[in-house]
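Chains as they are written, first to last, in this note's numbering: chain E, -8 to 105; chain A, 816 to 926.
Hints may be right or wrong, so weigh each one.
What the hints assert, rightly or not - Mimicking DSS-like on lysine-lysine, the simulated pairs with C-alpha atoms at most 30 Å apart in a straight line are:
{"#": "1", "chain 1": "A", "residue 1": "Lys918", "chain 2": "A", "residue 2": "Lys884"}
{"#": "2", "chain 1": "A", "residue 1": "Lys884", "chain 2": "E", "residue 2": "Lys48"}
{"#": "3", "chain 1": "A", "residue 1": "Lys818", "chain 2": "E", "residue 2": "Lys48"}
{"#": "4", "chain 1": "E", "residue 1": "Lys0", "chain 2": "A", "residue 2": "Lys918"}
{"#": "5", "chain 1": "E", "residue 1": "Lys0", "chain 2": "E", "residue 2": "Lys48"}
{"#": "6", "chain 1": "A", "residue 1": "Lys884", "chain 2": "A", "residue 2": "Lys867"}
{"#": "7", "chain 1": "E", "residue 1": "Lys48", "chain 2": "A", "residue 2": "Lys918"}
These are computed hints drawn from the structure, not numbers from a lab.
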Amino acid sequence: DSGVTQTPKHLITATGQRVTLRCSPRSGDLSVYWYQQSLDQGLQFLIQYYNGEERAKGNILERFSAQQFPDLHSELNLSSLELGDSALYFCASSIRDRGNYGYTFGSGTRLTVV
Amino acid sequence: LAKTTQPISMDSYEGQEVNITCSHNNIATNDYITWYQQFPSQGPRFIIQGYKTKVTNEVASLFIPADRKSSTLSLPRVSLSDTAVYYCLVAMNSGNTPLVFGKGTRLSVIA
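Using the sequences provided together with the hints, build the complete structure.
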């Protein structure tokens, strides 16, 4: 157990639908990062939050959004889902808002869009 | 961020030492070299980090030559459970850009 909790572990939904993925960071960590991993693209950085504020944005689609709540858990919202959004979505946390300090990853949420 | 180049895949037999080399020719003075391991359907896991010379922990060793343009992750006596993808990353510890993962090296350990 890495200390980063992601729910649900698996999600199957239809095209056009909206889903919410949840992440609880490791105790004491203030940064949350979201990554998408598909077979052909590898691990792609989506977005980072630090202590409730957005800190960095990567290749995140406009149909996707995220937020970090006062208790530091984070949610990634994916809407108008397409088949190509099927992927593993990972959340990672770290104690700082920047830098190459060790990231702790969760086990991921496997999203299947049918 | 410094660009890294590592082999796409490697095969090894159980019990052998495995060395995975990563090339990072444009590494900056403040960059650190970090390796992550990812098992199928799991999130990446931090293995080791170094700046220069040699770093060793209970999992692996990291060798960095004086010019720091490459680094080698050494896994002693691998077992089947070491089958995974290994990522080499180069970034500043105080940088403000989140970690960018490349394709990594897919290591297959054969009995």
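So, going through the hints one by one against the coordinates:
| no. | hint | in the structure |
| --- | --- | --- |
| 1 | Lys918/A with Lys884/A | holds (19 Å) |
| 2 | Lys884/A with Lys48/E | holds (29 Å) |
| 3 | Lys818/A with Lys48/E | holds (20 Å) |
| 4 | Lys0/E with Lys918/A | holds (24 Å) |
| 5 | Lys0/E with Lys48/E | holds (24 Å) |
| 6 | Lys884/A with Lys867/A | holds (10 Å) |
| 7 | Lys48/E with Lys918/A | holds (20 Å) |
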